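Starting from the structure of chain A, add chain B where the hints point.
Residue strings, one per chain:
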Amino acid sequence: MRKIGKQEIEDMAIGAALLGTGGGGDPYIGKLMALQAIEEYGEVILLDPEEVPDDALVVPSSMMGAPTVMLEKAPSGEEAIRAFNQLEEYLGEKIYGTFPIEAGGVNSMLPFALAARLGIPVIDADGMGRAFPELQMVTFYLDGISATPAIIADEKGNTALLSTIDNVWTERIARSATIQMGGSVMCAMYSMTAKDLKKSGITNILKLEEEIGKSIRLAKINNVNPIEKILETVNGFELFKGKVIDIDRKTESGFAKGVATFEGLEQNKGENLKLRFQNEHLIAQTNEKVLCMTPDLIAVLDSETGLPITTEGIRYGSRCVVIGIPCHPKWRTEKGIATVGPNYFGYDMAYTPVEELVKKGVTQ
Amino acid sequence: MATYRIGIDVGGTHTDAVLLNDKNEVISETKASTTEDVATGIYHAMHKIVSHANVPKENIKYAMLGTTHCTNAIVERKRLNQVAVVRIGAPATLAVKPLIGVPNDLRELLGEHVFLVRGGHEFDGREIVELDENHLYEIANELKEKVDSIAITSVFSPVSKAHEERAAEIFQEVLGDSIALSLSSEIGSVGLLERENATILNASVINVAKMAAEGFIDALKNEGIQAKVFFGQNDGTLMSVKYAMKYPIFTVACGPTNSLRGASYLSELSDAIVVDVGGTTSDVGVLVQSFPRESSLAVEIGGARTNFRMPDLVSIGLGGGTIIKIEDEHSFTIGPESVGYRLPEKGLVFGGDTLTTTDVVVALGKSNLGDVKKVSHLDKNLLDKIYVRMVEMVEEAIDRMKTSADPVPVILVGGGSILLPETLKGASHVIRPNHSGVANAIGSAIAQVSGQVEKIFVLDEIGRAAALQSAKEQAIKEAVEAGAEPSSVEIVDIEDVPLAYLPGNATRVRVKAAGDLKYQSEVATH
Numbered sequence: 001m002r003k004i005g006k007q008e009i010e011d012m013a014i015g016a017a018l019l020g021t022g023g024g025g026d027p028y029i030g031k032l033m034a035l036q037a038i039e040e041y042g043e044v045i046l047l048d049p050e051e052v053p054d055d056a057l058v059v060p061s062s063m064m065g066a067p068t069v070m071l072e073k074a075p076s077g078e079e080a081i082r083a084f085n086q087l088e089e090y091l092g093e094k095i096y097g098t099f100p101i102e103a104g105g106v107n108s109m110l111p112f113a114l115a116a117r118l119g120i121p122v123i124d125a126d127g128m129g130r131a132f133p134e135l136q137m138v139t140f141y142l143d144g145i146s147a148t149p150a151i152i153a154d155e156k157g158n159t160a161l162l163s164t165i166d167n168v169w170t171e172r173i174a175r176s177a178t179i180q181m182g183g184s185v186m187c188a189m190y191s192m193t194a195k196d197l198k199k200s201g202i203t204n205i206l207k208l209e210e211e212i213g214k215s216i217r218l219a220k221i222n223n224v225n226p227i228e229k230i231l232e233t234v235n236g237f238e239l240f241k242g243k244v245i246d247i248d249r250k251t252e253s254g255f256a257k258g259v260a261t262f263e264g265l266e267q268n269k270g271e272n273l274k275l276r277f278q279n280e281h282l283i284a285q286t287n288e289k290v291l292c293m294t295p296d297l298i299a300v301l302d303s304e305t306g307l308p309i310t311t312e313g314i315r316y317g318s319r320c321v322v323i324g325i326p327c328h329p330k331w332r333t334e335k336g337i338a339t340v341g342p343n344y345f346g347y348d349m350a351y352t353p354v355e356e357l358v359k360k361g362v363t364q
Numbered sequence: 001m002a003t004y005r006i007g008i009d010v011g012g013t014h015t016d017a018v019l020l021n022d023k024n025e026v027i028s029e030t031k032a033s034t035t036e037d038v039a040t041g042i043y044h045a046m047h048k049i050v051s052h053a054n055v056p057k058e059n060i061k062y063a064m065l066g067t068t069h070c071t072n073a074i075v076e077r078k079r080l081n082q083v084a085v086v087r088i089g090a091p092a093t094l095a096v097k098p099l100i101g102v103p104n105d106l107r108e109l110l111g112e113h114v115f116l117v118r119g120g121h122e123f124d125g126r127e128i129v130e131l132d133e134n135h136l137y138e139i140a141n142e143l144k145e146k147v148d149s150i151a152i153t154s155v156f157s158p159v160s161k162a163h164e165e166r167a168a169e170i171f172q173e174v175l176g177d178s179i180a181l182s183l184s185s186e187i188g189s190v191g192l193l194e195r196e197n198a199t200i201l202n203a204s205v206i207n208v209a210k211m212a213a214e215g216f217i218d219a220l221k222n223e224g225i226q227a228k229v230f231f232g233q234n235d236g237t238l239m240s241v242k243y244a245m246k247y248p249i250f251t252v253a254c255g256p257t258n259s260l261r262g263a264s265y266l267s268e269l270s271d272a273i274v275v276d277v278g279g280t281t282s283d284v285g286v287l288v289q290s291f292p293r294e295s296s297l298a299v300e301i302g303g304a305r306t307n308f309r310m311p312d313l314v315s316i317g318l319g320g321g322t323i324i325k326i327e328d329e330h331s332f333t334i335g336p337e338s339v340g341y342r343l344p345e346k347g348l349v350f351g352g353d354t355l356t357t358t359d360v361v362v363a364l365g366k367s368n369l370g371d372v373k374k375v376s377h378l379d380k381n382l383l384d385k386i387y388v389r390m391v392e393m394v395e396e397a398i399d400r401m402k403t404s405a406d407p408v409p410v411i412l413v414g415g416g417s418i419l420l421p422e423t424l425k426g427a428s429h430v431i432r433p434n435h436s437g438v439a440n441a442i443g444s445a446i447a448q449v450s451g452q453v454e455k456i457f458v459l460d461e462i463g464r465a466a467a468l469q470s471a472k473e474q475a476i477k478e479a480v481e482a483g484a485e486p487s488s489v490e491i492v493d494i495e496d497v498p499l500a501y502l503p504g505n506a507t508r509v510r511v512k513a514a515g516d517l518k519y520q521s522e523v524a525t526h
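Residue numbers (this note's numbering), protein chains in the order written: chain A, 1 to 364; chain B, 1 to 526.
Hints are computed from structural coordinates only; laboratory data are not their basis. Computed from a predicted model, the values in this text were never measured in an experiment. Ideal Cβ placement from N, Cα and C applies to all residues, glycine included. One should not assume that every hint holds.
[Unchecked claim] List time: in silico BS3-like cross-link candidates among lysine-lysine, alpha-carbon distance up to 30 Å:
#1 A:Lys257 x B:Lys402
#2 A:Lys269 x B:Lys402
#3 A:Lys289 x A:Lys250
#4 A:Lys6 x B:Lys97
#5 A:Lys274 x A:Lys330
#6 A:Lys257 x A:Lys269
#7 A:Lys274 x B:Lys402
#8 A:Lys214 x A:Lys250
#9 B:Lys78 x B:Lys242
#10 A:Lys220 x A:Lys274
#11 A:Lys250 x B:Lys325
#12 B:Lys425 x A:Lys156
#13 A:Lys220 x A:Lys269
#14 A:Lys257 x B:Lys455
#15 A:Lys156 x A:Lys257
#16 A:Lys156 x B:Lys472
#17 A:Lys335 x A:Lys207
#18 B:Lys146 x B:Lys210
#19 B:Lys472 x A:Lys269
#20 B:Lys325 x A:Lys220
#21 B:Lys425 x A:Lys243
[What the hints assert, rightly or not] Computed footprint of chain A on chain B, listed as stretches where at least three residues anywhere in the stretch have a Cβ under 8 Å from a Cβ of chain A:
#22 87-93
#23 189-195
#24 380-388
For reference, chain A alone in the conformation it holds in the complex (with noise of 0.2 Å):
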């Protein structure tokens, strides 16, 4: 058990940049929410999961819709604390403790707001360790665990419960409700025990944000190379030292789709990387061999200062550095790769993990 303050959170939402993999929504505005909560309501409880009964309601706190919305109507705060509430109405038990639905981006930070105000701890523990776009690309789903009774509420006081067949159902009626809601909503969906929470979630992964935040913040000021520090921190690869020479971006059917290319620099001179994104980041190739693919991590970091760069933060001429990090072994299960491999995305290779692909690649 921790009390998190606002430092942490600071450190944790540079963190949840990096592991939102270029998407995910800027935490920018999830950080504030946790910020402001905090100084009025106090600091949060982290508990591990090994901490919670196993018999414990344990509920994620998220946001579904559009983030520019979130940008401009940013919620009030009382629509999250209905959706538990409803919840815990329907299934007739208190809500024991919170988590991220997702580590990276800007639903890492949500939960934080809601526990400052409800009193209820945050449990270290997603179902993605990283960022993705779907509903269903929650390590959950790979156990089975159903995403209703979900509960969708906006700020105007409106909540919708939805008690759907399965995920796709959910996600068609959840997307058109949210549109008539204002574009934006806050959900308390994928109910479960905490026992089901330790079996099919990803575990410690606030702590591990916090620390890659906090490496980065410490290697600033004492002057040593941040990169280094990151990759020991998330066990990650460098993939690829070079400078963005050319950026296609274009949004199809609501997503950022494209493709960055890197020149080589230092030790890469004389080679091309090619990173494809859809929301996040997918694959980074060079021109003999793929170095790393979904659902392992492809991080794009400021050479400098080791910050994590989003895909709309790429720029012409900006100085970077790629790294791969390994994704949690749920996810490289054959399930887990039909899930969020990268066949689903539309790409035609067989999933290899990244550990394998630096070491050798494969040739194209």
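Structure of chain B alone, referenced to chain A:
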């Protein structure tokens, strides 16, 4: 009758001034030191150019001022207005109250009177809830005698500004015409906190802008000049005194913009990279169709995150006064410390005790400033290495600003541009125009008048062509209303950005039109 215009640009180190004739030729120019109160420096510079030029004073018809008054006030947290912050959007947005994320000292100064009112709009223009007018009346009565400036921000006001306008009416009704009102829809785009911060900062520098304007007009009068006064704004166009007093925040980045615009005018190039080498730093910016390329990232002013458009610049610690430290015969550091405006006393070639970048170029025979004998003892091999690194620093900055690998023209301006060679990596050619030392003051003098619109259109309803056409017409109308000669007005920038995840193909359209200042025979003052 020949007419003349004055252009003044106040920078951190120098206040530059020029007098141009109606063909925009430089009649006289000067560089004076910027003074702590800013105003004295402006008067000195103006007096110098007017007395040197010896033209009939009644023929000086326009005076353009690009100034850092407002920027300084925000950065120093001094002379700020008594501000009230009114956000319309509750029950939404309560989870992030106004000024969260702004440095504490600024939050204390500006956050004394903060109000959250029910109202605001959805992304598609529907009301979130009805505007709480009674609450606004209560607030207005509570604020009597307490504040002199109010910042009003309503959720999705770039889509519908109805609630901001109604709130402004109520405040005016209760508090009278003397209360300054800043409306966020007039200031920034989508992104509540950033737009709100910009609006609050705007509200806080209304008095500063008023004093700057009045001081400038008085100084002109003291010189016997009855010119129409304009202020330079961030986008390189002019605003009237009346407008500048309402939207002073638009002056905060006019300095770098003026130097880019001046470089474009002097070199007759519309698309190029501009390197402005000052005493302490070099700013590298990009000209696109004669205007600065704007930054797409959030810009911090005085530590507060804002979202209005600023020129996209890379600033590096290399100027004419940058200090070189030699550690042994192989290693050295360049800056970022600088002797700045004290170069004429500190630099070795001027008899001082500090090795600067200027000394390096003099010692290598690339410039003949000061006394070359004072640097003849230095190791030429090492100096060569230092020089190569200096040039590399600039070349890297140029490369960072390019959008493709193709070589582009590079224009060098600013007093420190003697540091740089005739060829640069990545440059198709290097241009060093005449009067490049006062490019910024020229940029201020030649500025055009503009109009801009930014709106969200639902393209499924009106179609893209009709949306763009409507935005263009509105921008042109605004430019003409601001004082542009209708025949000279052109669309200088169009941007349409689809908003992800929204239905109906919602797109944000931004159009800017600009034209030459309309010649007016009668002289208007504010």
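Right, here's what the structure says about each hint:
1. A:Lys257 x B:Lys402: Given that 30 Å is the threshold and the Cα spacing comes to 23 Å, the pair holds.
2. A:Lys269 x B:Lys402: Holds, at about 20 Å.
3. A:Lys289 x A:Lys250: holds (25 Å)
4. A:Lys6 x B:Lys97: holds (16 Å)
5. A:Lys274 x A:Lys330: holds (27 Å)
6. A:Lys257 x A:Lys269: holds (27 Å)
7. A:Lys274 x B:Lys402: holds (19 Å)
8. A:Lys214 x A:Lys250: violated (34 Å)
9. B:Lys78 x B:Lys242: At roughly 23 Å apart (the allowed maximum being 30 Å), Lys242 of chain B and Lys78 of chain B satisfy the hint.
10. A:Lys220 x A:Lys274: holds (29 Å)
11. A:Lys250 x B:Lys325: Roughly 48 Å between the alpha carbons, so the hint for Lys250 of chain A and Lys325 of chain B is violated.
12. B:Lys425 x A:Lys156: violated (58 Å)
13. A:Lys220 x A:Lys269: At roughly 27 Å apart (the allowed maximum being 30 Å), Lys269 of chain A and Lys220 of chain A satisfy the hint.
14. A:Lys257 x B:Lys455: Roughly 25 Å between the alpha carbons, so the hint for Lys257 of chain A and Lys455 of chain B holds.
15. A:Lys156 x A:Lys257: violated (33 Å)
16. A:Lys156 x B:Lys472: violated (36 Å)
17. A:Lys335 x A:Lys207: holds (27 Å)
18. B:Lys146 x B:Lys210: holds (19 Å)
19. B:Lys472 x A:Lys269: violated (46 Å)
20. B:Lys325 x A:Lys220: The given pair, whose Cα atoms are some 23 Å apart, holds under the 30 Å limit.
21. B:Lys425 x A:Lys243: holds (16 Å)
22. 87-93: holds (count 5)
23. 189-195: With 4 residues in contact (Cβ-Cβ under 8 Å with chain A), the coverage given for the stretch 189-195 of chain B holds.
24. 380-388: violated (count 0)
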